[in-house]
Amino acid sequence: MDGITLSDLAKQTGATLHGDGTVRITAVASLIEASEGEITFLANKIHRAALAETSATAVIISADDLATCPTNALVSDNPHLTYAKVADLLFPFPAYKGGIHPTATVDKSADIAPTAWIGPGAIVGAEVEIGPDAYIGPGTVIEPNCFIGKACRLIARVTLCRGTRLGQRVQINPGAVLGSDGFGFAKDGSQWVKVPQLGIVEVGDDVEIGANVAIDRGAIGNTVIGDRVKLDNLIHMAHNVEIGDDTAIAGCVGFAGSTKVGKGCTMGGMCSINGHLEIGDNVHFTGRSMVLRSYKEAGVYSGGLPAMPNADWLKAVAHLKRIETLSRRVGELEKRLKDDSEQK
Amino acid sequence: MDGITLSDLAKQTGATLHGDGTVRITAVASLIEASEGEITFLANKIHRAALAETSATAVIISADDLATCPTNALVSDNPHLTYAKVADLLFPFPAYKGGIHPTATVDKSADIAPTAWIGPGAIVGAEVEIGPDAYIGPGTVIEPNCFIGKACRLIARVTLCRGTRLGQRVQINPGAVLGSDGFGFAKDGSQWVKVPQLGIVEVGDDVEIGANVAIDRGAIGNTVIGDRVKLDNLIHMAHNVEIGDDTAIAGCVGFAGSTKVGKGCTMGGMCSINGHLEIGDNVHFTGRSMVLRSYKEAGVYSGGLPAMPNADWLKAVAHLKRIETLSRRVGELEKRLKDDSEQK
Amino acid sequence: MDGITLSDLAKQTGATLHGDGTVRITAVASLIEASEGEITFLANKIHRAALAETSATAVIISADDLATCPTNALVSDNPHLTYAKVADLLFPFPAYKGGIHPTATVDKSADIAPTAWIGPGAIVGAEVEIGPDAYIGPGTVIEPNCFIGKACRLIARVTLCRGTRLGQRVQINPGAVLGSDGFGFAKDGSQWVKVPQLGIVEVGDDVEIGANVAIDRGAIGNTVIGDRVKLDNLIHMAHNVEIGDDTAIAGCVGFAGSTKVGKGCTMGGMCSINGHLEIGDNVHFTGRSMVLRSYKEAGVYSGGLPAMPNADWLKAVAHLKRIETLSRRVGELEKRLKDDSEQK
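Chains as they are written, first to last, in our numbering: chain P, 1 to 344; chain X, 1 to 344; chain U, 1 to 344.
Among the hints, a few may not be true.
[What the hints assert, rightly or not] Subject to a maximum C-alpha distance of 16 angstroms in a straight line, what follows is the list of computed EDC-like cross-link-like pairs (lysine to aspartate or glutamate):
1. U:Lys45 to U:Asp77
2. P:Lys194 to U:Asp205
3. X:Lys260 to X:Glu242
4. P:Lys321 to U:Glu324
[As the list claims (entries may be wrong)] Residues on chain U that point at chain P, a partial pick, calculated with CB under 10 angstroms:
5. Gly37
6. Ala113
7. Arg288
What the hints contain is simulated information worked out from the structure, not anything from laboratory work. Think of the CB as a built atom: it goes at the ideal place given N, C-alpha and C, for glycine as much as any other residue.
Could you build all of it, start to finish, from the sequences and the hints given here?
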């Protein structure tokens, strides 16, 4: 029979069941769209009004929403987390068996766990080690001397350059590149000469890396991604950046080289982080912050100018360009009034 | 014989022929560089002065430029559109026949139209459907359960993750990823826990998607790209974004999750669009706008600070940081003058 | 025996040896981390204090640091450049022999030098020419009619679209796409119609292109990258952009179409460059500059608002939105004081 009973979901996620535990849950949907057989959740109080209207078979809620819940419920202190567990039970990562697809190219010196799957068209270089239950998706390229821990998932068309090391349960989304040469050049007169990039990329456990991300290898020493770091799509990380555990970084963020970021930080989309900085633990940059200096103290920092109607923007830019003049004019007014009052 | 006669081009594009229709056109070039056998066009009036000097065999122009045209002409109300048609006649997408390259890996459950081409090294998963005349370029990965409509062109090294659905005549440029997991994590104490991403990406008809774009699948429900949407390179689109018909988005734009964009909008390069917003129809953001709130009304909106000489910029930034103080000083001056005048 | 003697390194790089030339160098490391058998360098005077503490077997320094150097030294006018040469001697690009991997797909009309290497899963189209000593890495796609000069290195999973031309010794990092269709559409009423993109991408000698970069082919005429240009990761370059020799561009920079950049320029990360501009020689944009007009004069230009504590930022943004009012208030104060003084 399809799906999982609500009482089983409660048991397996540690949530408290209210209502009929025998109903079978086969899918998830939003509060508004959920219908027969579907489970949904209420985590953001903004959506509270929709709870009374839901047609879901079950809802994951916190205890204080139970009174207004019109249907079966799983109650938990953290509905979003319980939802994550429920969704994972209902829709686990597609099953795969260990083995090597006949179209994969695997160097004979590679050491691949029998329970690891090497997908079609994947290319695995010399001296690579791949741990148990790893999933190496189609079209992935793993250069020599890489190490891939237990249960990593390289979804498709990932590139790991020479020597890249992944911990356990790392998910890398399609198109991501780890270990590309950093942007290291020495000046020879007016010309740039390539500086060989000799470090590697080291990734901790339970990391997720987004689509088309590019993380450069270290120039000397390594680029290091801590445990449980989450990187969204299209992030650029230059050589020798270090990211602390549990830090989450949104899409399109760019890092110059050698910056160290602490633990538990967050960065909104399209932040740009200068090189050779130190960012402390629990520092939060909202979207589009330009980070030009170290921020060692925990806190929320921001930059970026919100959009406005074009006509207003044109004026604001024009005035901003003259802001020094404006400041001087105010200074002159102050001086004049002071002189006037002294004359009295 | 090479090329197409000017009268044939006129007939097939609906333009009006002026001059010698028997000349053969074999190539296109700019007004300034065009020579014997080449056709060019004048769409932007800025380039009008170059018309009299052109050595092209033919020019596509509007009627009001005919008087100063020194050579054969195709006259049309919309020379840029007529040029697009002419260029397409002269240089159609390279011909291909239906079939599967011997190095492609196609699951036996995939349903592929006999007129579709599956290129070398392409990988097509289980239960995939590919429509007539589709072109699946080299190194492309199509995960299970995708649907690809008639005459789609996936140029090379594209990735479509599980369940992605494309309409008809969609062109996807190399390196683009559709259907990667969205950035969805629940907090468990200080740690992030992955929330399974269960929606798909749905793409309408006549869409073009740029190189190395990343479009995430929906978390719950789908990410939706409307008909005739045009996406430039390196765009990041998070889960559950919806883009209305005929909207065009320039390179490097980033979208946070669940934002809905209307029809006929444009966004300049490197805009960043916050999550959970509603953007109306015919809203235009110029380049680098940071969009933090919903804009439901049609209009042009802007953000971003244009570059200036470094010394001026340093001063402007310093003054801007003190702008609150400046404002307070002005307030004090106003108060003082008011007090003075009341004393009189 | 492993490594290279210090006297050999001196000879081959033109540096002056101080100390024991018979020591063997096997690795590189930073000043602080280097130990037995390792060489390091001091190029940035900020790190001078660390020199006295280093445990390296040798250090590359300039003559004025020789007095405080606690170990063997290679002295050079340009330690960074000498380091680049030393690193290249110690860790040359991994050796490869000419040949075609059995899993590569090479069109029979392609002309491949016997000393070129075509890696596993690479796909080489019709009429492609590949020069001596070229390295075509795994999973790379080369469409028909491309030209690849001597000793180019396409690391892995690179895409060259139809007709792309590379000079000699060009390195392209994984995921980069050259020659994708530019963002060219004509308006037909409210709809966008694709304009065929008929130019190519031309790349000079000794260019390096970063991971997941996207460079569009020309619309009419070509997109041109000069000699020794260095492009970092995730750069977007639209159709018909031209970049002058020796220009270096950091990560995440985006270019709109047809802009011409001079020689010897630099651009910091995440700059955005408008279309149809002319940037002169030796123009330098610091990170995040929004370039809306031509800058023909050499110099340093900047934009971007550095991050600040969130509370300060909220105030600064609010005041900036009212900057026109502030300016008017100052004008009124000035007028009033003028009137007052005239009345006296």
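Here's how the hints hold up against the structure:
no. : hint                 : result
1   : U:Lys45 to U:Asp77   : 14 angstroms, holds
2   : P:Lys194 to U:Asp205 : 13 angstroms, holds
3   : X:Lys260 to X:Glu242 : 5 angstroms, holds
4   : P:Lys321 to U:Glu324 : 12 angstroms, holds
5   : Gly37                : 14 angstroms, violated
6   : Ala113               : 22 angstroms, violated
7   : Arg288               : 5 angstroms, holds
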